[in-house]
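Whenever a hint applies, use it, and build me the whole structure from the sequences.
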Amino acid sequence: MSTRVDKYAETINRVTSQNVQKASEAKTISRTSALAGLFTDPGKAQDFAAEIKGFVLDNLGALLVQFEENCIKNGIQVHWAEDAAEANKIVLDICANAAPAGSAIVKAKSMATEEIHLNKALEAAGYKPIETDLGEFVVQIDDDVPTHIVTPIIHKNRQEISKSFVREHLGPETTVPEELAGQARVHLRSKFREAKIGISGVNFGIAETGRIVLVENEGNSRLSTTVTDTHIAVMGIEKLLPSEKDLAVFLPLLAGSATGQRITTYTHFISGPRKPDEVDGPAAVHVVLLDNGRSKILAGPYRDILKCIRCGACLNVCPVYRQVGGHGYQHVYSGPLGAVLAPGLEGVVAYGDLAKASSLCGACEEVCPVRIPIPRMLLQLRDESVQKKVVKDPVPWSLFSIGARQPFLWKAGLTMLPMASKMPHPLKSQWASSREVPEGDQGEFRKWWKDREA
Amino acid sequence: MLTCLCDAFYGNVGIATVKVLEHLGCDVHFDERQTCCGQPPFNAGDWKHAREVARNCQSILFSDDKLVVTPSASCAAMVREGYHLLFPEEHPPAAFELSEYIVKERGITEWKSSKPYKKRIAFHRACHGRAIGLSGQAEQLVASIPGIELLPIHNAEQCCGFGGAFCVSEPHLSAQIGQAKLETLLADQPDEIVSGDMGCLMHLGGMLKRDGNQIPIRHYSEILAEVI
Numbered sequence: 004m005s006t007r008v009d010k011y012a013e014t015i016n017r018v019t020s021q022n023v024q025k026a027s028e029a030k031t032i033s034r035t036s037a038l039a040g041l042f043t044d045p046g047k048a049q050d051f052a053a054e055i056k057g058f059v060l061d062n063l064g065a066l067l068v069q070f071e072e073n074c075i076k077n078g079i080q081v082h083w084a085e086d087a088a089e090a091n092k093i094v095l096d097i098c099a100n101a102a103p104a105g106s107a108i109v110k111a112k113s114m115a116t117e118e119i120h121l122n123k124a125l126e127a128a129g130y131k132p133i134e135t136d137l138g139e140f141v142v143q144i145d146d147d148v149p150t151h152i153v154t155p156i157i158h159k160n161r162q163e164i165s166k167s168f169v170r171e172h173l174g175p176e177t178t179v180p181e182e183l184a185g186q187a188r189v190h191l192r193s194k195f196r197e198a199k200i201g202i203s204g205v206n207f208g209i210a211e212t213g214r215i216v217l218v219e220n221e222g223n224s225r226l227s228t229t230v231t232d233t234h235i236a237v238m239g240i241e242k243l244l245p246s247e248k249d250l251a252v253f254l255p256l257l258a259g260s261a262t263g264q265r266i267t268t269y270t271h272f273i274s275g276p277r278k279p280d281e282v283d284g285p286a287a288v289h290v291v292l293l294d295n296g297r298s299k300i301l302a303g304p305y306r307d308i309l310k311c312i313r314c315g316a317c318l319n320v321c322p323v324y325r326q327v328g329g330h331g332y333q334h335v336y337s338g339p340l341g342a343v344l345a346p347g348l349e350g351v352v353a354y355g356d357l358a359k360a361s362s363l364c365g366a367c368e369e370v371c372p373v374r375i376p377i378p379r380m381l382l383q384l385r386d387e388s389v390q391k392k393v394v395k396d397p398v399p400w401s402l403f404s405i406g407a408r409q410p411f412l413w414k415a416g417l418t419m420l421p422m423a424s425k426m427p428h429p430l431k432s433q434w435a436s437s438r439e440v441p442e443g444d445q446g447e448f449r450k451w452w453k454d455r456e457a
Numbered sequence: 678m679l680t681c682l683c684d685a686f687y688g689n690v691g692i693a694t695v696k697v698l699e700h701l702g703c704d705v706h707f708d709e710r711q712t713c714c715g716q717p718p719f720n721a722g723d724w725k726h727a728r729e730v731a732r733n734c735q736s737i738l739f740s741d742d743k744l745v746v747t748p749s750a751s752c753a754a755m756v757r758e759g760y761h762l763l764f765p766e767e768h769p770p771a772a773f774e775l776s777e778y779i780v781k782e783r784g785i786t787e788w789k790s791s792k793p794y795k796k797r798i799a800f801h802r803a804c805h806g807r808a809i810g811l812s813g814q815a816e817q818l819v820a821s822i823p824g825i826e827l828l829p830i831h832n833a834e835q836c837c838g839f840g841g842a843f844c845v846s847e848p849h850l851s852a853q854i855g856q857a858k859l860e861t862l863l864a865d866q867p868d869e870i871v872s873g874d875m876g877c878l879m880h881l882g883g884m885l886k887r888d889g890n891q892i893p894i895r896h897y898s899e900i901l902a903e904v905i
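Protein chains in written order, with the working numbering: chain A, 4 to 457; chain B, 678 to 905.
The reader is advised that the hints may include incorrect statements.
Label-pair restraints from in silico Cβ distances [said to hold, decoys possible]:
id	chain 1	residue 1	chain 2	residue 2	range
1	A	P427	B	S736	27 to 37 Å
2	B	T861	A	E281	49 to 59 Å
3	B	L828	A	P427	20 to 30 Å
4	B	L828	A	S436	22 to 32 Å
5	B	K886	A	M422	11 to 21 Å
6	B	H768	A	L412	28 to 38 Å
By construction, these hints were calculated from the structure, which means they are not laboratory data.
Just so we're clear, the structure is a prediction, and the values are computed from it rather than from any experiment.
Glycine included, each C-beta is placed from N, C-alpha and C at the ideal position.
Structure (structure tokens):
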């Protein structure tokens, strides 16, 4: 009866849960103070960003064509992928022409490539993809999956990371963050020197100029996209902005919402491959435009989820996410975002249950930089799941409805409650697993009202 | 609008709400035919039956021009936001949460008390206030009562884990979130826990009772009524 998230909550170890809670609470606090410092009225910035993203969705087809035309003018090669399989094939074909099987490929952090499970496809073709974002690197060496779209190892603490590094012979045991980063840095530098291909995601694709924008804090995206000969960027089709001036609101809003920064350490504007008079940069830049279910979402009731800029603020503030982290959702996209996007991309039959793993507290909508009405969509998903019989509710709502429409039945029910609360029922045992069952006051208000009216 | 949880378990909150409204000079009506707003099946995803119950509620409570006030942000949000999803073609009716009515509609920000209420209070803000644009109006009223000390709560914005259907469909999550909330509410040893929605009271109260903790947990309207 309970969802996969609740089942996971039953088994999660306390340290992992505490790691997630501590980090996500801290990030929620830093988000609030960063946005307050960035905007006179953060709410207005959210409204404005929502409006721009709404415009993008309303005009997605035309903006994509404009983006493609301008990319081509810049010398960027544009590919269209209908689904994950096609996207992986496109990337593999590019790789086949750029480096022999067995070569190392450096990867900057990208949720789109997680979504299509690109690493598996690359490995199957004999390549050695290396995640170069520190968090993603830890995920990779631990054979784990990211538990957060921005901070993939929010569920791990320093001791656990050091243990993994010792195991991989990266350096001696330490819990000093700088030393841990240093150990990974030394290891990854050699990979950057070796790799001929770099793969990244895209934070914003600018339709007006055909440039792609990447934000990061570690410098690994810069290396992945500039020291290699071939740069491949995988981009969800919804990641467009109409013009570069829109970045004036989106860059600080993303940095503030995601990591509590005023601006990320690095912001890259990639305008195409190395020009004849330039001394460095990749010889070829490819953009793979990924649909993978997005067009379907655009045409349906959950289209607003495509406004998402992947800041992760909704995960950080969510009471459910704070308990279980991303693993509980069993999908690349977790938290409130994932509870809508996963069933949106893959259907309610596969992921409709995630919508039930929410107390509908509304904190996600409040922090969303682009005002996505997540609770509303979770409710709509519940409706769709019930209609399609994906989830079965244990409550006989048809009986409830009859009782609620017949005042005499309702009142009779009220007087029977104290007795009913002593009867066994699956609902009651779910409630009573952690709480005492309320006894019912036998219509105390109605009696009081009747007495005073008499 | 009494709400079904007050009707079944928290009659005292209904009584307090009437006393508070009458104290403000309202002529309070209670239609005995009222039952539930339809939120339980709506929240559980059974919109077919939610529509039936909502229609019934509409015909009883929203068929004349009386202002509808309820001691639950959750039910007010259901009427204003939920009905819009159930009946997208229609303009949803207006229902006001009690503190919303007092502070926003009547402009009263301080509760005139005839006596002090000397308690240290841990106030848990009910989440569904967000859905109707509330931001601490109930706390504001409670805090204005002489003698009351409102304790600062770590992570005050976080949900208690009730969540309607969630509390029974996701029992582990609900209990874990509830325990985390109780830890923060009890951190400074308050005399009472106060909240603004019966769902929170039932969930947190049920957990306290299970833990054998005797601390009173009440709806803020009960305090407002008590100090009149």
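Consistency of the hints with the structure:
1. A:P427 with B:S736: 27 to 37 Å: Since P427 (chain A) and S736 (chain B) have Cβ atoms about 36 Å apart, the given range 27 to 37 Å holds.
2. B:T861 with A:E281: 49 to 59 Å: Holds: the Cβ-Cβ distance is about 56 Å, inside 49 to 59 Å.
3. B:L828 with A:P427: 20 to 30 Å: violated, 39 Å
4. B:L828 with A:S436: 22 to 32 Å: Between L828 (chain B) and S436 (chain A), where Cβ atoms are some 29 Å apart, the hint holds.
5. B:K886 with A:M422: 11 to 21 Å: At 19 Å between Cβs, range holds.
6. B:H768 with A:L412: 28 to 38 Å: At 30 Å between Cβs, range holds.
The earlier numbered hint that this structure contradicts is number 3, and it is the only one.
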